Amino acid sequence: MTEQLLRVEGLAKTFPGRRSLADVLARRPAQPVRAVDGVSFELGPGEVLALVGESGSGKTTVGNLLMGLMAPSGGRVMLDGAEVGRLSARDLRLLRRRVQMVFQDPYESLNPRMTVREIVAEPLRVHRISASYAELRTRVADALTSAGLTPVDAYLGRYPFELSGGQRQRIVIAAALALQPSLLIADEPVSMLDVSIRAEILNLLSALAREQGIGVVMITHDLSTVAAYADRIAVMYLGRIVEYGPTRAVLAEPRHPYAQALLSVVPVPDPSFRRRPVILRGEMPDPSNIPSGCRFHPRCPLAFDRCPTVDPPLFEVGPGHAAACLLVEEPEAAAEPARRLG
Amino acid sequence: MTAVLEATTSTTVEAPRRAWRSFLRHRMGVIGAAMLGIALLVAAFAPLIAPYDPYASVRVNIGDIYQAPSAAHVLGTDDGGKDVLSSLLYGARVSLVVGFSAAAIALVIGGLVGIVAGYRGGWVGSLLMRITDFFLVIPDLALQIVLVAIIGPSLGTIIFVIGALGWTTTARLVRSQTLSVRERKFVMRARAIGAGDAHILRRHILPAVLPLMLANMVLVISLAILSESTLAFLGLGDPTVISWGQMLNFAFDRGAVSAGAWWALLPPGFAIVWVVLATTLLGTALEDALNPRLKRHHLEAPGSDVARDRTVPALVPPLAEAEAPILRVRDLSIEFDVGGRSLRAVDRVSFDLRRGETLGLVGESGCGKTTTVLGILRLLPPGGRVVGGSVLFDGEDLLSLDGRALRSFRWTRLSLVFQGAMNALNPVRTIGDQIQEAIRLHAPGTSKADAARRAGELLERVGIGRRRANEYPHTYSGGMRQRAMIALALACDPDVIVADEPTTALDVMIQAQILELLGGIAHDFGMGIILVTHDLGVVAQVCDRVVVMYGGVVAEENDAATLFASPQHPYTQQLLQSFPDLAHPDRPLRGIPGSPPRLDAMPSGCRFAPRCPHVFDRCVNEPPLYPAAGGRASCFLLDPAERRP
Amino acid sequence: MSGRGGYLLRKVGWALLTVLVVITFNFVLFRVLPGDPAKSGLRDPRLNPAAVEALRERFGTDKPVFVDLEADNPFDSQFTAYLGALSRADLGTSYAFRDQPVSDLIGQALVNTLWLVLPSQLLAIILGSVLGLFAAWRRGRALDVGALTFSLFMWSLPTFFLGIILLVAGAQWFGLPTAGRVTIGANYADVWEAALDIGSHLILPTLTLTLVLLGEYMLIMRSSVLDVFGEDYILTARAKGLSTYRIIRHHALRNAMLPMVTLIALNLGFTVSGAIQVEAVYSWPGLGALTVSAVADRDYPVLQGAFLLIALSVVVANLVAELIYGWLDPRVSEG
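Residue numbers (this note's numbering), protein chains in the order written: chain A, 1 to 342; chain B, 343 to 987; chain C, 988 to 1322.
Worth flagging that the hints you see were computed from the coordinates, not collected in a lab.
The model shown is predicted, which means the values in this text are computed figures rather than measured ones.
Ideal Cβ placement from N, Cα and C applies to all residues, glycine included.
Be a bit skeptical, because a hint or two may be false.
Some chain B residues near chain C, calculated using beta-carbon distances under 10 Å [unchecked claim]:
{"id": "1", "residue": "Ile451"}
{"id": "2", "residue": "Ile480"}
{"id": "3", "residue": "Phe594"}
{"id": "4", "residue": "Gly597"}
{"id": "5", "residue": "Leu719"}
{"id": "6", "residue": "Phe751"}
{"id": "7", "residue": "Leu758"}
{"id": "8", "residue": "Arg771"}
{"id": "9", "residue": "Cys834"}
Here are some chain B residues the structure puts well away from chain A; computed CB gaps all over 12 Å [what the hints assert, rightly or not]:
{"id": "10", "residue": "Ile493"}
{"id": "11", "residue": "Arg929"}
{"id": "12", "residue": "Pro982"}
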């Protein structure tokens, strides 16, 4: 536990709510949007953590907070013992060298007017790292090689539009690797790619973690994509982590009803695979209007009398495996018809 | 929708070199540049070309005034007895000096305001935009007149006034461009790298904004020239210089019309037209070249989507009525005209859909799956046309239906659920209204009340509730819109619904809700469904049969259970290996090296040959036909003649 | 509905703010810039002593411009005097037309201008919309190319030059009157004869202004219809089996009118500029001609009043356009 690369403690981010003119006139206060509401986790070197959730769960905001792209409203992000939110501008620049991001859309995240060489060299120039042109060239070549773009010379002079989606995403990864970061944040790294390309990019990311000891936080809505790559999974719902644990344990025995439901509806490419999907009704509530007690209780098929009033903490359910559900404490409650809600 | 076209054109959009070539292609740009070049030459060499010096003071005899064109005065003389041609040539100097200088002022102010407002945002940005809005509301010419009247009409004043009032459009343009670049992912990525504002502005924002600013400047020049001539015509020109507007002012005020002296009126007028036309042509062409917009157009003349000489396959022997598929697609081929070339996006695609069956049409982007269904639906985008094959719906060839028959066929027998329901519903009409429209169109006798009741029932059925019928699409969430779209598709009780990526971009839980709904509908209404998707998991979950497409052809087709259990085509096999499977989380995923073929570089043999691990010489030379002998896949490996290990 | 109310309130508020800024701007313009009318006006030999006295009193040149916090009454300034006069619709007295109140002069001119601008604007919007719609529908065909060429030429042709060409042509071939609002010295037998005379004077100016605006509106409509035709809901409408006519009428027109309304509002300055030029060419006694003659006569009170009125009309017209937009688009409540 002492060797943690990244430690996130009670991270929170609140955005000011929007008020319409009518609200102002009626003196209705703005409802703050609690996008991230108390998130904690840890990540060691070479480890892959998947942050899984639907849109509105706050997973992207967590990514931005980890990057120091916005300041947290509460809690803290510690990278190698230094608190990210408290850094001076200069230290923040140093931090940026250690944390890099891979974006969702490789068609959008490369400047169409720059060549591959310029794109990969950009981080080095921004941080004024390479003393000489020769050193710059070596580091660009190394980064491209690490990202699997060989022979390097075939790519250096090309523009993004000349490359396929998979190659572009590798360029994005190469640019991130140029600074030799210790933490990579990958925000939906494959969702815009063709199915046949996805596995290669995911394999590349997990190889980087394994071989170079880079910690990877993978932010995604797709449980099935991360199943084969993540060491641990954190399932988010409305700004909170509701279940957290080793991938194998979470997939085999999810304990939070939301995680159970989410797992049960992931399409499986096997028509003979039988299971009973738990399809939740309605949609995730607005983060400006979070339900009382357990935030999942209005949609929970197993909710009982305590759920609307008690906000459950994460209960340990196995080694390194925790779930924020009162049923962990009171497994029999769901079986008592008198206590069931709805 | 136009995935095919995008695969071949959109990738080229932003290359700087292409912009130059497309500029050359724009003949109007070249003409404009040439016209402007001539004007610049004339202005530069006016003293050499002009037969007289219009600034020299001469004694005027009454007989010199308004002389008709002659050898001595090619364009006659004006109200002061001066040579019109000479004044005309010298006038070019004033027009161009004012045009360029004023535009430069406007560009600097507008550029700065636009970049600051767009990049900084916040209250500074809002304040700047409010000021811009204010100046947009104040009528230019009126303010110019007032300012020039107060300050006094000198050339400098005029340049300053036109420039200082002409920056608003530039500011708005630059602001919106800066805003859109600032929001783009590559700028966010640069920020995440740790780049500061200076770096982002210099490396990312300016290179994207400057070219457009220059194109805009050319257009501002034309505006400035028009303004200058208007002011001069209204008597507010610099009295010490000769400009075209002033020539017109003098001629018009001093009896050229009644004297019939057309030569004093037309040349300066058309000189203005010349220069303004030149700069407008050039500026427009520059803007087009830098920011090409290949616009989709869903209403291009109907009927052109099926080639007149399409090859129609011999009719398959009719099956017994009871088991006849509701939809039989045979050898459907579709081509697109892109840049003068015909590219085949779909090649001899065949499949059947039985009543009540759900068929999955699977493939990666650019494989032709959406184009196939658009071809069947007769909704191909312009430039696309069916060049061969037949689409038999209940025995009738859809491809030979004419306008009226096609319209009455649509929605009553075959309806459609689009990928992005966000855009597929009209934003300014209520959901209920859009459903009623379909009902009343195809059952003209239906009363408004009946149609409304039916629309309410449909919304109830898809889980929205009739109370929300009177709301507009923007009040619905993404999942609700897709439900509304399904209610709309059910409006006329069709036999078949085509659902094109109905759950892409929706969250997993919403996807599950929509798939459950579609399955329920197929069951309750006994409808056939064609589900177009790239998601093998979705297919496995809801489809009875599967057609796998690759590079515009059918790679494999089978019932779902067999296809997933024992895929025959190497592409299907590899696709399944690269697809994550939660039921077997320990199975390693293997991607397929390479990428799907581009339309303009289709392999001549098997389309999968360049990525296929089992490729052999025949695959490269000869396209395998579906179904290859002995299988339900188009692969030579299945040919008994090929005894491969 | 509260959202729409909010939109209305916002737009009206913005318009009021603009009016305030316009008034202040107009005041400052004539006070601070060189050529201060109060001073240069006092030197104008055409003024009689009484007028000079009236000017002094009106401008109160001895008072502070905006506020003087050290004075007994800090708000007794030139600006408050100006506002007070404005609230009484007192815009001063013309120099050139002795003893004529400016408000009377520009009031009459405004009526004349509206006679010219409203029919032209209406005609241009209707024709421009129809032509733009057809050009977009038949993109790349003869009609489209013709419409584009026409717009390009109309754009490049200075309005006053088009006016001159039409004036010569109209007078030469059709014998139409080319100057003023009525035939000078005419005696009308009845109302109809008067209407006919005014009508015939209106033909050429209206035609000129319509042609100029038409090119612009056609282009706007064309591109906005093209945008709509590229939308997926048009494809939905086609898939539903709607005929092209119905698609255009029920799905394309209203959606295309939205940007059209906005752009017409943004282009009101263009209309004003066209009107000024047309009035100058045809000696049409409207606001534009009055402005131009006020410049020639250095008649600053009239210039100031006319400019204020022009700017205010545009603000009001702009507001009307915004309200129409709000009425057409259900999404404004998102605002």
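Checked hints:
| no. | hint | in the structure |
| --- | --- | --- |
| 1 | Ile451 | violated (17 Å) |
| 2 | Ile480 | holds (6 Å) |
| 3 | Phe594 | holds (6 Å) |
| 4 | Gly597 | violated (13 Å) |
| 5 | Leu719 | holds (6 Å) |
| 6 | Phe751 | holds (7 Å) |
| 7 | Leu758 | holds (5 Å) |
| 8 | Arg771 | holds (8 Å) |
| 9 | Cys834 | holds (9 Å) |
| 10 | Ile493 | holds (41 Å) |
| 11 | Arg929 | violated (7 Å) |
| 12 | Pro982 | holds (28 Å) |
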